[in-house]
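A.B. asks: So the chains spell out like this:
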Amino acid sequence: MKDTQELIETLSRDVRRVSAHALAMRVGFGIAAGSIVTIVLVIAVLGVRPDLQVAMHGFSFWMKWIYTGSLGLCTAYAVTQLGRPTPASLRSLWFLTIPVLILLVIGIVELARTSPGNWLPMWLGRSWMICPWLVLTLAAPIFVGLLWSFRKLAPTRLRAAGATAGLAAGAWAATIYCLHCPEASAIFVLTWYTLGIALAAGSGALLGPRLMRW
Amino acid sequence: MAESEARLKSWMLGGLDGDAAAHSELLRALVPLLHSFFRRRLHGVEEDVEDLVQETLISVHTRRASYDRTRPFTAWLYAVARYRMVDHYRRRRLSVPIEEVDDILVTEGFEDALSAHMDVDRLLSALSPKQARAIRDTHIDGKSIAEAAVGAGIGESDVKVSVHRGLRAIVNRIRGTS
Chain R
-18 MKDTQELIET LSRDVRRVSA HALAMRVGFG IAAGSIVTIV LVIAVLGVRP DLQVAMHGFS
42 FWMKWIYTGS LGLCTAYAVT QLGRPTPASL RSLWFLTIPV LILLVIGIVE LARTSPGNWL
102 PMWLGRSWMI CPWLVLTLAA PIFVGLLWSF RKLAPTRLRA AGATAGLAAG AWAATIYCLH
162 CPEASAIFVL TWYTLGIALA AGSGALLGPR LMRW
Chain W
1489 MAESEARLKS WMLGGLDGDA AAHSELLRAL VPLLHSFFRR RLHGVEEDVE DLVQETLISV
1549 HTRRASYDRT RPFTAWLYAV ARYRMVDHYR RRRLSVPIEE VDDILVTEGF EDALSAHMDV
1609 DRLLSALSPK QARAIRDTHI DGKSIAEAAV GAGIGESDVK VSVHRGLRAI VNRIRGTS
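Chains R and W, in that order, are what the protein sequence lines are.
Residue numbering for the first sequence follows the working numbering, beginning at -18 and increasing consecutively.
Residue numbering for the second sequence follows the working numbering, beginning at 1489 and increasing consecutively.
You may find that some hints are simply not true.
Per label pair, the in silico range of CB-to-CB distance [to be verified]:
#1 ALA13(R) to PRO1520(W): 38 to 44 Å
#2 ARG1495(W) to ARG(-2)(R): 37 to 43 Å
#3 VAL18(R) to HIS1531(W): 30 to 36 Å
#4 ARG1557(W) to LEU187(R): 23 to 29 Å
Below are the DMTMM-like pairs computed for lysine to aspartate or glutamate, each with C-alpha atoms no more than 25 Å apart in a straight line [said to hold, decoys possible]:
#5 LYS133(R) to ASP1629(W)
#6 LYS1497(W) to ASP1556(W)
#7 LYS133(R) to ASP1575(W)
#8 LYS1497(W) to ASP(-5)(R)
No lab work stands behind these hints: they were computed from the structure.
Ideal placement from N, C-alpha and C gives every residue a C-beta, glycine not left out.
Assemble the whole structure, with the sequences as input and the hints as a guide.
C.D. replies: So, in structure tokens, the structure goes:
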């Protein structure tokens, strides 16, 4: 009993103010810090696509960015839900289907306008073999950032928290990867970007129970 | 005396705003609550209860940011406590020396219930279906002879004879094998 009293006294010596938005800020900060590392990696190792200025006036660049960015925002919100110990609703993840479906429709329209002989090159682009792996690799710093966020949070469903953190890290990594990747077709993005994001989510699901225990 | 949700929550909010006195009031008030929470679930492994109370207090302190000010405090508290208990078990199970596993199972009354079940099932399976059913009905499920007779669609004397012969067969079997 005496130990418990001492413990309480020790803990009460360090009572810092905690903002009402502390959880959201912490998740945001974790993603932002990881993203900075990822941006540096893209610029220093992969290189920004030379035609970025021109591309930013085009449709496909924004299509990609809105796709990955909306996935990133939606999953970041889900991560904040899983940072609390009380049962969380993951219904917000259903919103992920909206950008996926929109991109699917754009992809079908693109395919319809292209002669079938060009479908395969359009789908595979020039980088299908490395794109998912690059997205996965670039997701790692952001995932680490989120692990830092979780150090003051209290996830109770560790696998779901890991998978969602991986999903968010993958989506933000893909958003940053757009600075480098010159691919332009919707069907390419839908397949290979999404695959990379899914790989990140799967890795997160594997790592979550080990790395997010508290 | 257990403190009310409103009281605990106001201390929690005070602590979140940086009020150390409110925070220490809160932690002090949580000790008896957590004690009874864990004692009810651990069935008197006293030192574990003490450990868990302290671990939970530390979690409440370090993971305060995960509390949503608009929601009930006790729901958050017990969610944290429940996680601490699950994690405690998970850690112990992994590091328990194999000789002590027996003790844990016995404490939880798990082994007795399980092995009794397995023994009864094994013994009854050696009997005829009619005898097994009669014994199960009258000696395990606690039905009367009359109920067992109606349920099985046989006469009451038939039930009695089946139970008698079945039990004798089991006794002989146990004597023979041991």
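A.B. asks: Confirm or reject each hint.
C.D. replies: Taking the hints in turn, this is what the structure says about them:
1. Taken as a hint, the range 38 to 44 Å holds for the pair ALA13(R) and PRO1520(W), whose Cβ atoms sit roughly 42 Å apart.
2. Between ARG1495(W) and ARG(-2)(R) the beta carbon distance is about 21 Å. The supplied range of 37 to 43 Å is therefore violated.
3. Checked against the hint of 30 to 36 Å, the pair VAL18(R) and HIS1531(W) fails, with Cβ atoms roughly 49 Å apart.
4. Between ARG1557(W) and LEU187(R) the Cβ separation comes to about 34 Å, which falls outside the hinted range of 23 to 29 Å.
5. For the proposed pair LYS133(R) and ASP1629(W), the alpha carbon gap of about 52 Å is over 25 Å, so the pair is violated.
6. As the CA atoms of LYS1497(W) and ASP1556(W) are separated by approximately 11 Å, the hinted pair is consistent with the 25 Å bound.
7. Between LYS133(R) and ASP1575(W), the direct Cα distance comes to roughly 17 Å. Compliance with the 25 Å bound is thereby established for this hinted pair.
8. Between LYS1497(W) and ASP(-5)(R) the CA atoms are separated by roughly 19 Å; this keeps the pair inside 25 Å, and the hint holds.
When each numbered hint is compared with the structure, violations occur for hints 2, 3, 4 and 5.
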